[in-house]
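Assemble the whole structure, with the sequences as input and the hints as a guide.
2 protein chains.
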Amino acid sequence: MANDAPSSKAPTPPAGFLDADQHQLAQGLFDRFREMSFDGVGISRETYGPGETAAMEVIERIGAEHGFETGWDAARNLVLRLPGREPDRPVVATGSHLDSVPQGGNYDGAAGVVASLLALLAAKAHGTPLRTMELHVLRGEESAWYGGPCYFGSRALFGQLTDADLATTHRFTGKPLAHYMAACGADMAPIEQGQGLVDPDRFHSWMELHIEQGPVLIARERPVGLVTGIRGNVRHRRVVCRGEAAHSGAVPRWMRHDAVLAMAELLMRIDEHWRVLLEWGEDLVVTSGIVETNAAEHAVSRVPGEVTFALEYRSQDPKTLTSFGALVRSECETIAAKRGVTFDLGDGVYTAPARMNERLVGLLQSSAEEAGIAGEVMASGAGHDSAVFANAGVPSVMVFVRNEKGSHNPHEAMDYPDFAAGAEVMARALWQAANMAEELR
Amino acid sequence: MANDAPSSKAPTPPAGFLDADQHQLAQGLFDRFREMSFDGVGISRETYGPGETAAMEVIERIGAEHGFETGWDAARNLVLRLPGREPDRPVVATGSHLDSVPQGGNYDGAAGVVASLLALLAAKAHGTPLRTMELHVLRGEESAWYGGPCYFGSRALFGQLTDADLATTHRFTGKPLAHYMAACGADMAPIEQGQGLVDPDRFHSWMELHIEQGPVLIARERPVGLVTGIRGNVRHRRVVCRGEAAHSGAVPRWMRHDAVLAMAELLMRIDEHWRVLLEWGEDLVVTSGIVETNAAEHAVSRVPGEVTFALEYRSQDPKTLTSFGALVRSECETIAAKRGVTFDLGDGVYTAPARMNERLVGLLQSSAEEAGIAGEVMASGAGHDSAVFANAGVPSVMVFVRNEKGSHNPHEAMDYPDFAAGAEVMARALWQAANMAEELR
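Chains as they are written, first to last, in the numbering used here: chain A, 1 to 441; chain B, 1001 to 1441.
By construction, these hints were calculated from the structure, which means they are not laboratory data. Any given hint might turn out to be false.
With a straight-line Cα cutoff of 35 Å, these simulated DSBU-like cross-link-like pairs (lysine-lysine) come out [to be verified]:
| no. | chain 1 | residue 1 | chain 2 | residue 2 |
| --- | --- | --- | --- | --- |
| 1 | A | Lys405 | A | Lys319 |
| 2 | B | Lys1175 | B | Lys1405 |
| 3 | A | Lys405 | B | Lys1338 |
| 4 | A | Lys319 | A | Lys175 |
| 5 | A | Lys319 | A | Lys338 |
| 6 | A | Lys319 | B | Lys1338 |
| 7 | B | Lys1175 | A | Lys338 |
| 8 | A | Lys124 | B | Lys1175 |
| 9 | B | Lys1338 | B | Lys1319 |
| 10 | B | Lys1319 | A | Lys338 |
| 11 | B | Lys1319 | B | Lys1405 |
Pairwise CB distance ranges, derived in the manner of DEER restraints [what the hints assert, rightly or not]:
| no. | chain 1 | residue 1 | chain 2 | residue 2 | range |
| --- | --- | --- | --- | --- | --- |
| 12 | A | Asn294 | B | Gly1016 | 42 to 50 Å |
| 13 | A | Leu345 | B | Glu1057 | 55 to 63 Å |
| 14 | A | Lys319 | B | Thr1342 | 20 to 28 Å |
| 15 | B | Gln1195 | A | Asn294 | 41 to 49 Å |
These numbers come from a predicted model, not from an experiment. Where is the CB? At the ideal position from N, CA and C, for every residue including glycine.
Here's what the structure looks like:
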């Protein structure tokens, strides 16, 4: 059997797995969330804050009305459950988050929660699945409120919150995360002890729908993305190139050690390697987002003696990150020797990539084909809770929905028909997974 | 007759044109200037200020003691005169400045004035020259005190001070230059009317000795430089490259408009053209001394949407400046089209180069050869009063003296034997010029 074909013997759902009532419910939910969370500029649903809780309670109420089991885990994540015919089997889970950045958009996170709800509703309407299905509404996915760390809800689920995480302070109030978790009703003892709230083996699979935060689907003119991996990254926040400052008129080229030209040469070599590696089939993005000469000593008529710059590279493949890092260091050495400068890369901060499960990607592809929806196979450049699930060992996959103007701003623009297409693909794939006899590990 | 041979029929001065008494005087003068002008860190002789005046009065007194005519022009520049046998002929002039930057060194300017004084003393000791010889101690050569414009004394001489120059304010007190000129006793009426204080045709030639402000003579292991030209320059203080900011993880390479990579490519292409043009025999230096992404919007994980940078290029040849400017603009267009960015170069500020007189360069070369002194033929990257003389039409030349650690700082380090070599070369050449029958125009 090919990798990209579903292995389930469950019946193929009919075209239009989601029905009109479900779509009406979804549209109503988006409207309601927008009303509840409008902050005068955009949407604010604070991490472990009242706006997030209120939106979660809306989902809880709807779940209860539709006959799902509902509950809250120790980290105050919400769980809706549709019991399967064989409840001892690992469960098929789906979900996303309901917090937003300050003055953000309505769909980053919420689209996934609503799609997961629709998938459970549709599953219920199609009969009782083999496996139990669960919707997890995860807390605190955004890094904006606590200025750095994030994925609090999913990391608490797998016992990964550190003392440093719990002590990290709120951007506006200065109080620690632990304070706000407890205020939301979290049971802090197991979390503080790093106990997982669930065994990863309890999950058969995890699926998450999310709006795309880049422009690829717009450019490709496709409504839905099928995500093969979530890029990890290496970040050098402050690379220092040191040469030698000198009079710009009086020092000839052969005596110069120009830090800016050395940096420019490094960036150009990196850019060229990047181009070639893409053609070689590697997944890679490279960015130098901050560049600054030293304001205390730079001048128009002075050969620059120092320049600092940021360097970040991302890939779905940890080997690519390692190899590219070695290549960057090698180029630094070559240029340093050639131009008589030094490069100090400092310690790069590493965030591991997360590979999506190939069988689940195949399930999404066949679901999209059956529904006649054009899906773009692509990587996620931004991080997501799904990376936490995948790196905890849960076979995971993501569906992206076309979205204009990025995310984390009030102008994010997802059209409902695109959401409907993404939700349809995921609901079909979840139904297949929930009726799949074998495990994916 | 070859261009680089002296055309004078004056007797060749004997080896050691300068004598021990003159060298003793020079060393005593440097010591005295240092004592008079030490500011606790370095040397401060303020442009049109008391320290400059005091040092000039020392020169005036020595001139008078040695029987020179002395006087002050309307801009309060000091003039020492050794009348020639034919006083109606255009005169041979030499000199430099006595002001310094704040916390500067003792030799930038003063070395030239002392060398010129020695040349007049030596000439007087060798008999009465054909042409009158003059030492001009010029005011206000440095730009540091008034934050931009400079060469006030020499430009006043040729009627070039503008209303803007006269209104330019003192860096520390905020009072205008005109105030301080008047306070030093300058006659402001002709200066304000832009009247030249002297007809350029009155000068047969102009020679100036100056410490080198770069490291070329140190590297070449030669004590003396023979200057063929003073580089002009084009300065773009703030070039803006605009691309498009984007999420560094979510936007693939083919959709990016990265301003920093576009700038890096431009600088690398410029660097490569520079290398080739040097091999082609052009005189050129290129510097991008300031580089900054926009702090209001840059981030490690953001594709940079904007970067600003300075661009300065210098050459002895105005054609090179013009052609290189066209090349830079062409490269900007190419890269802009390729990368989907824009470059806004703004208006470049142009300062004209000054060619030194080839006959006078030849005179310096033969003088150095006769004295057994190794001279390096080179360009001046920094600006000097000699550029004002040359661009006013006066046949001009400069002698550089080896100097470690640059200028405009307390650590400038000229060894006396190097000064002695430079002063010997210039004194011989001035003597030849003062006895030259023909004009150089």
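A quick look at each hint next to the structure:
A hinted pair counts as satisfied when its Cα atoms are at most 35 Å apart, and Lys405(A) with Lys319(A) qualifies at roughly 32 Å. Our distance criterion of 35 Å between C-alpha atoms is met by Lys1175(B) and Lys1405(B), whose separation comes to about 33 Å. Straight-line distance between C-alpha atoms of Lys405(A) and Lys1338(B) comes to about 24 Å, which keeps the hinted pair within the 35 Å bound. With a CA separation close to 39 Å, the supplied pair Lys319(A) and Lys175(A) exceeds the 35 Å bound.
Taken as a hint, the Lys319(A) and Lys338(A) pair is honoured in the structure, with Cα atoms around 29 Å apart against an allowance of 35 Å. About 31 Å separates the Cα atoms of Lys319(A) and Lys1338(B), which keeps this hinted pair within 35 Å; it holds. Pair hint Lys1175(B) plus Lys338(A) does not hold up; C-alpha atoms about 49 Å apart against a cutoff of 35 Å. For the hint pairing Lys124(A) with Lys1175(B), the CA-to-CA distance comes to about 85 Å; that exceeds 35 Å, so the pair is violated.
Between Lys1338(B) and Lys1319(B) the alpha-carbon distance is near 29 Å, which keeps this suggested pair within the 35 Å criterion. For the hint pairing Lys1319(B) with Lys338(A), the CA-to-CA distance comes to about 31 Å; that is within 35 Å, so the pair holds. A hinted pair counts as satisfied when its Cα atoms are at most 35 Å apart, and Lys1319(B) with Lys1405(B) qualifies at roughly 32 Å. In this structure the hint that Asn294(A) and Gly1016(B) lie 42 to 50 Å apart at CB holds, the actual value being about 49 Å.
At roughly 58 Å, the beta carbons of Leu345(A) and Glu1057(B) sit within the given window of 55 to 63 Å. In this structure the hint that Lys319(A) and Thr1342(B) lie 20 to 28 Å apart at CB is violated, the actual value being about 38 Å. Between Gln1195(B) and Asn294(A), the C-beta spacing of about 45 Å keeps the proposed range 41 to 49 Å intact.
The structure fails hints 4, 7, 8, 14 (numbered hints given earlier, in ascending order).
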